[in-house]
Amino acid sequence: MTEKKPVLGVTLYSFTNEWVVKAYTLEELLATVAENKLGPAVEVVGFQSFRSYPNVPQDFANDFRKLMDRYGLIPSCLGANMDFGRRPGRLMTDDEKIEYLQRQIDSAVRLGFPVLRLQTSVGTKILEKFVPLLERANLHMGFELHAPLSMDNPEVIEFRETFDRLQTPSLGFIPDFSTSMTSVPEGIWQELRDLGVQEELISEAKDVWLHTDTIPDKFKGIGGLVQKYSVPPELIGKLNGTMTMFGHMPPENWREIMPYVRHIHGKFYHVNEDGIEPSIPYPRLMQVLLDAGYSGTISAEWEGHSYTREPMALGEVKAWRRMCNRLLTLD
Amino acid sequence: MADTFKLIEKDSLRANDGGFEFLVHLNWYRSLPLSCVVDLRVKVDGVEIDPQVISFGINGHAYPLADLENHFDEFWFIQDGARVIVAQPGLVAVGETHEVWVETSVFAPYIPIGPGKFLTVTSNLSSTQVAA
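As you go down the protein sequences, you meet chains Z and A in turn. Under our numbering, the first residue of the first sequence carries the number 1, and numbering increases by one thereafter. Under our numbering, the first residue of the second sequence carries the number 1, and numbering increases by one thereafter.
These are calculated hints, taken from the structure and not from any lab test. No incorrect hints appear here.
If the Cβ cut is set under 7 Å, some of the chain A residues that face chain Z in the computed set are:
hint, residue
1, Thr4
2, Phe5
3, Tyr29
4, Arg30
5, Ser31
6, Ser35
7, Glu69
8, Phe72
9, Phe77
10, Ile78
11, Gln79
12, Pro109
13, Tyr110
14, Pro112
15, Phe118
The structure presented is a predicted model; accordingly, all values stated were derived computationally and were not measured. We treat Cβ as the ideally placed atom computed from N, Cα and C, and that holds for glycine.
With the rest of the complex left out, here is chain A (with noise of 0.2 Å):
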């Protein structure tokens, strides 16, 4: 049976010495513009992390969440894990066990709902994970 999709990819935590990251999948059928993450909040051992300490890491670039909007004409592939890099030490380190939770929430840009207003789609997973 081949894997079924999780929005937290196993085995992805690492730890380094800025703080850690792990891999967040996209939760909708299609690729989307950057410009579309609306939101991406964090906890680990369930401490919510300061949004400000979040970056978004895809197609090779870091960018702060506060900046994805500006990101409109980049897109996040379907089949991409995208690093959510928290730049907080001292919380997870290699070889500890540590429950990870994600919520995401994105916005299909082509859905509208109401004026100004688009389909906005928010999932949430929680996973246990020992870093690398």
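Chain Z with its partners taken away, still in its complex shape (with noise of 0.2 Å):
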């Protein structure tokens, strides 16, 4: 038998700055990832990649398929959303986030992806009402489970629970490598620095990240820390961030849930030139996968536009993939 390995690839998510700015189209994008063997599998953020989203017309999706097949690439996994907040007073009934969401199934299908991601803020309640309509789309759903969420949450047990008593395949997980950190990226520190925070506060805020456990302790020590140094109110809300967005739980915590993984987002922020990601422990969460036979896609997740607008996606994307070619000696 041989030995099952994951099928890497990209989220166009990783090129934001270039894709805000105009430097690709859709079309250049995907011959952009196929020249650089950054595929096969290529996940797309409705709302960021398509026009007409939720909508997708029939000759559109035709068009992308022709593209897709032109570049040799395949569709991983579409980034759907639950905007339930978006009427004025209210929040969405059940009714209307079944209409909202079975756009997005259609498109999905439509445009040949298998997967379609789902936020957990979406709740566990509605999801015997997703079923039906996933199981006819022959689609799966996948809950992002990003930081702060970690697999021993109450909330991501209650959706494994939900899962189970369903008994459905289409439903499963979406984990992303930010729940798995062991450092905030330097990128983001730099961003606080270039604000003008100083320098004993970013050391004091890393001890924060490092040594206390649950979101409410961090913001206990990141208020300390505002009262201590006089952080002005503007950067209050960056400097919790630091707390919420980067995990710190033990790879090997990813085993329990494997069962119910449908794709992975290989959350990064720099591959260094030594080949490391300095602020994910990448050799052992991909252990983790080889150990559990993971043979579902992973795609490369850039998220350092979240602290720079410098249109650099492309060579950081290449230089993960040099890493994980390297893990997963796919070369």
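Mind assembling these two chains? They're in different frames, but the hints should get you there.
Right under this line is the structure:
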């Protein structure tokens, strides 16, 4: 029996900086992915890459499929969103949510994506109503597990129990490596330095991140620093963000949810000249995936665009790919 | 080197008989329903414009700011500059140089941060341009 290995690829979301200034057309971006051997798996955030989304006309979808074929790429995951706060004064009803989801299911089917990503903020109560829509479309829905969610979070456990109760392969998870980091990315601190935050505060904030476990405790620690260093109000949100966007769960905790994994977000911020992502333990994470026999898709998800507007995604994604090829011995 | 993101599009200031307009970009990573634009403030040469004379031009339509919340099924595509249309004559004329300032607040209708509350991002930028 040959060893099972993940299928690598990229999410076009990595190229957010380039996309928002129209440095590429969709075709140019797909061609760039193919030329640089960053495929075959391609993930797309519907509300970022497709103008007509959540709707996608059939002729547009046909053209997209032809482009993917021409460049030897395969659709991995369509990033959907449940915009339940979009109506003035009230949240969307269940019927409205289902209508909004159905449009995105139809778009995924037309475009050829096998997995639809959704966030856990939709809750578990409505999932029972999603299942027949997904089964009819032969589509899997993956709920994004991003920091600060961890595998033992009560919300995540509730999702797992709901998947078990509904006994359907249509529902699962899309874990993100942001759940298992060893440090906050240096680019995040650099942005704060550039905004005038003192080195001493940054050093103490790093300690808070490393040595406190729960989000309330982390916020308490940051609150103390805000007082001590008289941090201006406009920076408090950014400082709190350093505590929520990066989890530090041991990679081995991924083992228990592997049967539910439908796709993976290979989050990263920087791969250095030694081929290492200093803030994310890629060797351990990849070993967990290999041990589990995971043969699904992983997207390179560069999120440095959260702190820089520099159009530098291509170099970073290529470096990520060299690192992952090495760790998975895919060369 | 490709362009980097700017909240106000360069060289977009236009003057006309009824007032002036310029293009503003969405400071988020994905397209949003128009109802998620909760605030848009404009200053010209440091003087704040009355929100009642500001309209928001997108997808070939122009809506008063206060009307945006009703357009929850129309989207501001991430790559499109929206026209900020100010119906106030006499402030900006063709050929003049002005400092335009804008502050936008948009919320992510899928990221709740409390009961009925969603993650809101506020950004501002000042840009000095010659009106065309």
